[in-house]
Amino acid sequence: MDLKKLFEPETLAVIGVSLSNDRHPANVVFNKNLLRYPVRVYPVNPHGGALQGERVYASVREIPEAVDMAVIAVRAEQVPEVLSQCILAGVGGATIVSGGFAESGRKDLQDQLTAMALEAGFPAVGPNCLGIYSPGQVDTFFLPNERMVRPQTGGVAMVSQSGGILVDQMVKFSGEGVGMSLAVSIGNKAVVKELDLLRYLVDDPATKVIAFYVEGFGKNEGREFVLAASRSPKPVIVMKAGKSPEGSKAVSSHTASLGGDYKVFSEVLAQFGVVEARNESELVAFCESLSCYHHAIDGRMGIISGSGGHGAMSVDVCTAHGLEVRTFTQELQEALRQGVSTAVRGIASYANPVDLTGSAVDDDFVHAATILSRSEEVECILLLLLPYLPGCTMDLGARLSQVHRREGKPLVAYVPHVEKYRMLIEGFELNNLPVSPSIEGAVLMAEAMRRCRPC
Amino acid sequence: MLKPQMMDILSASRETGWVMEPEAKRLLSLAGLPIPIFKWAREADEAVAHAHEVGYPVVAKVVSPQILHKSEWNGVVVGLDNDKALRETFQRFSRYEGFAGMLVEEMVPGMELIVGAKVDYQFGPVILLGIGGTGVEIYKDSTIRMAPLQERDVWSMVGKLKAHALLEGYRGADPVNLDDLTRLMLAFSSLVTELQDAIESVDLNPVKCSPEKCVIADARIILTPRMDLLV
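So the sequences go chain by chain: A and B. Residues 1025 to 1479 in my numbering are what the first sequence lists, from first letter to last. Residues 42 to 272 in my numbering are what the second sequence lists, from first letter to last.
Everything labelled a hint here was simulated from the structure, so no lab data went into it. Hints are not guaranteed to be accurate.
As a list, the in silico DSS-like pairs of lysine-lysine whose alpha-carbon atoms are at most 25 Å apart [claimed, not checked]: (1) A:K1264 with B:K181; (2) A:K1232 with A:K1029; (3) A:K1267 with A:K1196; (4) B:K111 with B:K80; (5) B:K203 with A:K1267; (6) A:K1232 with A:K1264; (7) A:K1028 with A:K1232; (8) B:K201 with A:K1267; (9) A:K1196 with A:K1264; (10) A:K1217 with A:K1264; (11) B:K254 with B:K203; (12) B:K201 with B:K254; (13) B:K181 with A:K1267; (14) B:K201 with A:K1264; (15) A:K1196 with A:K1232.
So here's chain A without its partners, still in its complex pose (with noise of 0.2 Å):
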């Protein structure tokens, strides 16, 4: 199944628009595309007509030029029907919006579509999803377009049986500055499922991270999954829903009873090396993190703060996700010592946290980011930066992002995130470096890249 142009299509027919509903959820689709993406787009019902002074075919067939996708929103009943015209006319694949199939006890309706898209080879997404949202490309989201939050363009795709968690995740990633690729919802994924497109955004250059929300896979498709996930170059994050710890109602056995569904998942995924994303903050933090690096690390941290106190709950952080931060040696402390303006010196600590206290400037983050970066003692440097002490600017999430690109060490920051500080924010954020609005979310990134197998 050649996916491509789902998500890169040319031309696009919307099946069903409605001639008096324009909130109809084809109208929304026809409209968006029609006024805020280059493809081109036919609207199809069979009474024919016109919509936004557009020609209304009555058939996908009445189309003068091949279409790359249908997105089909008609009634479930009508499904079967148009997607047997959709494949005879030669359309490249399909995005099926309606619901009213398995989720609703019409499983006989949803196994025809199967049946005929696995035999036609034909590549259809849903039913009873969003679909496709395709930056610059394509939107089959039926929601309205002024309400959507978009992220910006970047290396993550989402992937996920829920329209609702994709939508709101986009959100999420759109406030912490997360850029996709691409978010697919696939619904009943009768056709199109998590593999297929595993194995198409293992190819996708534009894909650094490829995200799912699962609630659950079809009869061994996990074991299909990990599989070929173990062989992605590319980290995989799942977050999993329907994590009951009683899985399985069988008690006839210990190992049924202590193997539950969610903990097979679960320890499955981390033997293939799959992320595991336990919720939606770990999601974000981890499409963050490693969209950005792709180092693996052991876990062994250097903390370096303005504050004895954020030091300090970062510690138990860090050790609360099984990450270490061991005291430098005098060596290494010494050599932070050295380096920092004379009226810190005296007064800030360098065993790990380094606190430079409420009187560091710029340069002294700048010095000690430097040496930890050269040092063996440490694979990855959690900032804990206070934009209000007096000392520090708003350029130095910039200055801290160039040591960064000398050094090549990682670099996760926490930054309050109010728009006062938005500058400092984006100071890393523009150089594609890990900002968090907590110290929660900051260590989340760490420990991605020690979750992660193929970094």
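For chain A, the structure is supplied; the task is to place chain B on it using the hints.
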């Protein structure tokens, strides 16, 4: 490789839905897995004769298709060291529902582990390693990998257990024979992979592991309800 005798054992247990310990052990032994010297005695005299052969003390366990979890029925007695006690135990077991004999077995020393398998809907056969014995579901100290296992999987599984230090030699004790455990788990993983259509889950509990060797002291094989499709 699956042997015809293995399929015979599984087919014979289709009605019950699970394979009783002596038959389960015979199947494991056919696959080259280490089991203790045992005898399935139908008469008290047989039990005594076997005890003399392996030497006291011995373990006695009830065999009954009605009793899946023997310890819950007080159906396991360890450290029996004379004929009288052995005969009394036989008498007591003979009153159990579905009594089909008594298993008499050499005492095996070692730490109690559980090695298990289940055929998972999403991932197919998976292998479990944990702290075993009757307290297995209290400790809940276990880890899982997808089969077939590689040698490095076994080492990482041992490291993943909270009680891993107990296996690796704690406070001056010798470590359990991890090479033997690895061999056992790899052979078990291959067997389970081959039997995946016939079985639902397997408990090898306890597997007794000492510095010398690892031996499967008890085994239970739960068959898939759809096993009839196989034969």
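message: Next pair to validate is K1196 (chain A) with K1264 (chain A); report whether the Cα-Cα distance is within 25 Å.
response: This hinted pair holds, its Cα atoms lying about 17 Å apart.
- prompt: Would the pair K201 (chain B) and K1264 (chain A) pass a check requiring their Cα atoms to be no farther apart than 25 Å?
  reply: Status holds; Cα separation ~21 Å.
message: Against the 25 Å threshold, does the CA-CA distance of K1217 (chain A) and K1264 (chain A) hold or violate the hint?
response: Holds. K1217 (chain A) to K1264 (chain A) sits at ~15 Å (cutoff 25 Å).
message: Run the distance test for K1232 (chain A) versus K1029 (chain A): straight-line Cα separation, threshold 25 Å.
response: Within the cut-off at roughly 20 Å; holds.
Proposed proximity, K1232 (chain A) with K1028 (chain A) (alpha carbon, max 25 Å): 17 Å, holds
- request: For the pair supplied as a hint, K201 (chain B) and K1267 (chain A), confirm whether the alpha-carbon distance does not exceed 25 Å.
  value: 20 Å, holds
message: What's the verdict on K203 (chain B) and K1267 (chain A), does the C-alpha distance respect the 25 Å limit or exceed it?
response: Answer holds: K203 (chain B) to K1267 (chain A) is near 21 Å, not above 25 Å.
- prompt: Are K201 (chain B) and K254 (chain B) close enough, with their CA atoms no more than 25 Å apart?
  reply: 21 Å, holds
- request: Decide if the proposed pair is consistent with the structure: K1267 (chain A) and K1196 (chain A), CA atoms, cutoff 25 Å inclusive.
  value: Given pair K1267 (chain A), K1196 (chain A) holds - Cα atoms ~22 Å apart, limit 25 Å.
- prompt: Taken at face value, is the distance from the CA of K1264 (chain A) to the CA of K1232 (chain A) at most 25 Å?
  reply: Answer holds: K1232 (chain A) to K1264 (chain A) is near 21 Å, not above 25 Å.
query: Are the Cα positions of K181 (chain B) and K1267 (chain A) separated by 25 Å at most?
result: Holds, because 17 Å separates the two Cα atoms, which is no more than 25 Å.
- prompt: Is the Cα-Cα distance between K1196 (chain A) and K1232 (chain A) 25 Å or less?
  reply: At roughly 18 Å apart (the allowed maximum being 25 Å), K1232 (chain A) and K1196 (chain A) satisfy the hint.
Every hint from the earlier list agrees with this structure, and none is contradicted.
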